[in-house]
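Visitor: Take a look at the letters that make up each chain.
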Amino acid sequence: MLATRAGAGVIWRVLDRRARRLARHSEERMGANSALKWMLRYVFPDHWSFLLGEIALYSFVVLVGTGVFLALYYVPSDAQVIYHGPYELLRGEQMSEAYSSVLNITFSVPAGLLMRQVHHWAADVFVASIVLHLCRVFFTGAYRKPRDLNYMVGLTMLMLAILEGFAGYSLVDDLLSGMGLAIAYAVALSIPFVGAQIGYLVWDGEFPGGSDFFARLEILHVFLIPAALALLIAMHLATIMRQHHTQFPGPGRRERNVVGTPMWPAYALRSIGLFLGVAAVLFLAGGLIQINPIWQWGPYHPYLSENGAQPDWYIGWLIGALRLMPNWEPTIAGHTIVPNPFWGGAAFPGVVFTVMYAWPAIERRVTGDHRRHDLLDRPRDRPVRTAIGAAFLSWVVIIFAVGSTDRLFFRLHISYQEQIHFWRAGVWVLPIVVFFATRHACRALQRSDAHPLREWQGQLVARSADGGFEVLAASPEGRATEPQAPPLGTAPGHESER
Amino acid sequence: MSTDDHPGRGRLARLAALGGRLLAAGALRSALRRSPTPPPLPPQDAEDPRKREVPANRRAETAVAVLLALAAVFGFGFTAAYVLDGTNPQFLGIAIGGALALLSAACVTAGKLVVPQETAVEERGLLYEEQQTEATIDLIEQGGEGISRRALIGGAAGLAGAGMLTALATPLASLGPDLPGIHTTPWRRGVRLVDDEGNPYSASDIVIGSLFTALPEHGDTEALGAGLLVVKLPPEYLHLPAARRGWAPQGILAYSKICTHAACAISLYRYPTYQPTSNGPAFTCPCHYSTFLPGEGGRVVFGPAGRALPQLPLMVDDEGILRAAGPFHEDVGPSWFSVRRSQS
Chain B
5 MLATRAGAGV IWRVLDRRAR RLARHSEERM GANSALKWML RYVFPDHWSF
55 LLGEIALYSF VVLVGTGVFL ALYYVPSDAQ VIYHGPYELL RGEQMSEAYS
105 SVLNITFSVP AGLLMRQVHH WAADVFVASI VLHLCRVFFT GAYRKPRDLN
155 YMVGLTMLML AILEGFAGYS LVDDLLSGMG LAIAYAVALS IPFVGAQIGY
205 LVWDGEFPGG SDFFARLEIL HVFLIPAALA LLIAMHLATI MRQHHTQFPG
255 PGRRERNVVG TPMWPAYALR SIGLFLGVAA VLFLAGGLIQ INPIWQWGPY
305 HPYLSENGAQ PDWYIGWLIG ALRLMPNWEP TIAGHTIVPN PFWGGAAFPG
355 VVFTVMYAWP AIERRVTGDH RRHDLLDRPR DRPVRTAIGA AFLSWVVIIF
405 AVGSTDRLFF RLHISYQEQI HFWRAGVWVL PIVVFFATRH ACRALQRSDA
455 HPLREWQGQL VARSADGGFE VLAASPEGRA TEPQAPPLGT APGHESER
Chain S
282 MSTDDHPGRG RLARLAALGG RLLAAGALRS ALRRSPTPPP LPPQDAEDPR
332 KREVPANRRA ETAVAVLLAL AAVFGFGFTA AYVLDGTNPQ FLGIAIGGAL
382 ALLSAACVTA GKLVVPQETA VEERGLLYEE QQTEATIDLI EQGGEGISRR
432 ALIGGAAGLA GAGMLTALAT PLASLGPDLP GIHTTPWRRG VRLVDDEGNP
482 YSASDIVIGS LFTALPEHGD TEALGAGLLV VKLPPEYLHL PAARRGWAPQ
532 GILAYSKICT HAACAISLYR YPTYQPTSNG PAFTCPCHYS TFLPGEGGRV
582 VFGPAGRALP QLPLMVDDEG ILRAAGPFHE DVGPSWFSVR RSQS
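Respectively, the protein sequence lines represent chains B and S. So the first sequence is numbered by our numbering: it starts at 5 and just counts up by one. So the second sequence is numbered by our numbering: it starts at 282 and just counts up by one.
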C-alpha cells in the first residue's frame, strides 16, 4: 500500500519535471511558450452541435490510419488473374488483380477485414458528419462574414470527400464498383464538347479503361485527394483559431467575446474523449456490422450487372437525379449535343454546390447586411432563411429518396414508372410546401418561444372518480431566461464592424 | 464518500487508481500548477459568466482509473484475439472498439468530473484595421505610379492570357478519341455468338421468354461493345424497321448489352405473362431503369436513355449456330457530344 503510494509519488514528480523541461525546451528553441499559453487558454463555446465538425475531423484521422494499412496490400492492376484464394465460391473465377488483392485483404490478411470495414464505415460517417455540420452552419447563420471564406473551404472539402469516397469503393473492382465506374464514365462522356477527352484522360482509353486506370485512381484516392483534404483541414482550423468560434447568444455572451471552456485541461480531455469515442464506434461497427461484402458481388465484367444495386449513401442523390431526369437530349442534325447523364450527374450537383457557394453573397445582397457576425442565429429567428434552407434541403432529399424508388417497388409493389412520374412534379411542388410550412413554424415558435424539442408542453391532469380534474403539473409557461427581443448583437446597428 | 477509509476497496481498484494517476492526472496537475490566471476583463453590461470549480472528486478519480485499467485489458485482448484468430473481425472489433470506448469514457469522465471546470471569457480581436488596409492599398497603388496607358497594357495582357490558356488546353484533344465513333466492338460479319464459357449458341438454344447474354468468340470480352442481349420473339411482337427485316432470323434478335444512358449492362427482361393485359416484351437497365423495346429496334419507352439500343444483325449458319451478319450500324455504349442518333 505504502509502496505503491510512494511509487505513484515518484512517477508523478518525474512527469512534473518532464513537463517543466518540455516547456523550457520549446521556449529555448522556438520561443513557443506565448503561443502555447494562448493555445492552452483558447476558449471553446459549449454546444452539442459544435461537435459535428469534430466528428468529421476524427473520422478523417481514422480513415488515414486504416487507409495506410489497406494501401500496403492493395494492387492497382486490371491484369486478369484466376482466383485461388480461401473463398470457395469464387475459386477458379477470372478477375482483376485489384479485386483479387481486396479479397486477399478480406480473407487472408489478419485484421484485414476489420480494417476494410472500419475504413468503409468511417467514410460513410465522415461524409454524413460533414453534411450535418454544413446544416448546422447554414441554419445558425455561422457562414456570415467573416466566416464566408471558411464556409467555402468546408464546401470544397465536402465535394472532395464525396469524390474520395467514390474513388475508394471503385478501387475494389467488384461488380458493384464496376457498375459505379461505368456510370461515372457515362457522366464524364456526357459533358458537352470535351466529355470524350475527359473520359479518355481519366480512363486511359475507352471504358473499362487502359492498364493505367487503376493506378491513376489509386493515386487520386490515396494521395491527391487526401493531401488536398489535409491542406484544407489545416486552413479550416487555422481560420477558426484566428477568428475564434461562434457562439449562441446568452448571458454575458457578446459579439466581441467568446464564453466557454478553455482548451486546457477540461476541453482537451473531452475532445480526446470524443475522438476515442468516434474511433470506438467505428471500430465496433467495423468489427460487428457487415458493410460492402465484396465477395458476394463477384468480379466486374462490362457485360455483367446486378439488380437492385445501391451505392454508398452519399452517391444516392446523384443516382436519384439520373433516374428522375426525363430522357431529354438536345440534338442538332441527328447528333447529340448534351447526353442525358449530364443533367443528373453533372448539372444537378453543379447547381447544388453553386447555390451553396453563392449563398453568403446572395444573402448579403438581399439583406444589405455587410456587418461582421460572431453570434449565431437561432433558426426560428430567421424564418425566411430557415425556410429557404429547408426547402432547398428537401429538394435534394427528395431526389436522394427517388434513388430508392425501385426498393419501394420491390417491397410495396408501387409501380416504379408511376412513382417516377409523380416525383417529376413532386420534386418542384413539395419544396414550396416545405418553404411555407417552415416559415410558419419559425414564426409560431418565435411568438410562443416554446422549445418543443427540449421540454414538454401543456398540463398533466388526473381525473378523479367523481368526474373532476386535478392539474398535477404544468409545463413552464414562457421562459424568463430566454431573450424575448432579438438576441444581443443580432439587431441592426448593434456592435457593427466591417 | 472517501475511498481511503473504505475497507472493501480491492487491490484491482488500487492498481487502477495508480494507473489512472500515472496516465491522466500527472501531466495535468503539473501544468495546472503553473497555468496563468486569466487577464482581468473590461467591465460588462451583462452578468459575468466566468467561474472556476475544482471538483476534488475522489470517486470520479477512481472511476477514471478503473476505466483506464479496463481499457488496458481490452487492448491486450486485441493482441490475444489477433494471435488466436486474426481473421475474425468480431473479436478484434470488440477488443479494439471496447478499448477505445473505455479510454473515451475515461477521458470524458476526467474532463467533466476530475479536472477543474472553468467557464472563461476570451475577447475576440478585431480583424479589420483601417490604417493597415489603407497602408496596404497605398503600397499596391504605388507600384503603378506614372503609368499612363493602363487600359492598353491591361487589354493586351488579357489577350495574351487567353492565347496562352487556349494553347495550354489544346493538347487535351490529343488525349481523346477520333470523334464521332469511340467505342470499338469485336463484332464483325461471321463472328460466332458464345456464352460466358465459350460454348457457341445454336438458334435452337434461344427460347421465347428468356434472356441470353452472348459474347464474341475469340474477341475481347472486356470491351464495352462485346456483350449482347439475345432474345427470341414471336411474330406478333416483331415490328422492326423495314431496313432491318433480315436482321432477326427465326425471330432471334441481338442488341448491345450496354445501356445507351450510363453504360450499365442491361439485365432485366420483361416478357408478357398474360397477353391481353401485360405490357409487351422489354429490356430494362437495373441502374436507372431505362426501358427498351426489342421488337421495335430497341426504341426507348421509359427512363432517361436518350437513344435506342444498338441492334446487331444476326444470321444462322449451316450448323444452326448464331453468327453476326455484320458489325453494329450505330455507336454502342453511353452517349457523348456529337454521337449519331439512331434512325429507328
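Bear in mind the hints are in silico, worked out from the structure with no lab data behind them. Don't be surprised by glycine CBs; every beta carbon is placed ideally from N, CA and C. Just to be clear, a hint being listed does not mean it is correct.
As the list claims (entries may be wrong) - From chain S, some residues computed to sit far from chain B (all C-beta separations above 10 Å):
| # | residue |
| --- | --- |
| 1 | Ala441 |
| 2 | Ala448 |
| 3 | Pro515 |
| 4 | Thr554 |
Said to hold, decoys possible - Reference listing, derived: stretches of chain S covered by chain B, where coverage requires no fewer than 3 residues with Cβ under 8 Å from a Cβ of chain B:
| # | stretch |
| --- | --- |
| 5 | 358-372 |
| 6 | 427-435 |
| 7 | 561-569 |
| 8 | 598-612 |
Visitor: Are the hints correct? Go through all of them and say.
Guide: Outcome of the hint check:
1. Annotated as non-interface, alanine 441 of chain S keeps its C-beta farther than 10 Å from every C-beta of chain B; the closest such distance is 23 Å.
2. At roughly 16 Å, the least C-beta separation between alanine 448 of chain S and chain B is larger than 10 Å, which holds for a residue marked as non-interface.
3. For proline 515 of chain S, the requirement that its beta carbon stay farther than 10 Å from each beta carbon of chain B is met, with the minimum near 25 Å.
4. In this structure threonine 554 of chain S is separated from chain B by more than 10 Å, as the shortest Cβ-Cβ distance comes to about 15 Å.
5. Under a criterion of three residues with beta carbons nearer than 8 Å to beta carbons of chain B, the stated coverage of the stretch 358-372 of chain S is upheld, 6 such residues being counted.
6. With 0 residues carrying a beta carbon less than 8 Å from a beta carbon of chain B, the stretch 427-435 of chain S misses the three-residue requirement, and the given coverage is violated.
7. Coverage of a stretch by a chain is defined here by at least three residues with a beta carbon nearer than 8 Å to that chain's beta carbons; for the stretch 561-569 of chain S and chain B the count is 4, and the condition holds.
8. Coverage of a stretch by a chain is defined here by at least three residues with a beta carbon nearer than 8 Å to that chain's beta carbons; for the stretch 598-612 of chain S and chain B the count is 0, and the condition is violated.
Hints 6, 8 from the earlier list are contradicted by this structure; the remaining hints agree with it.
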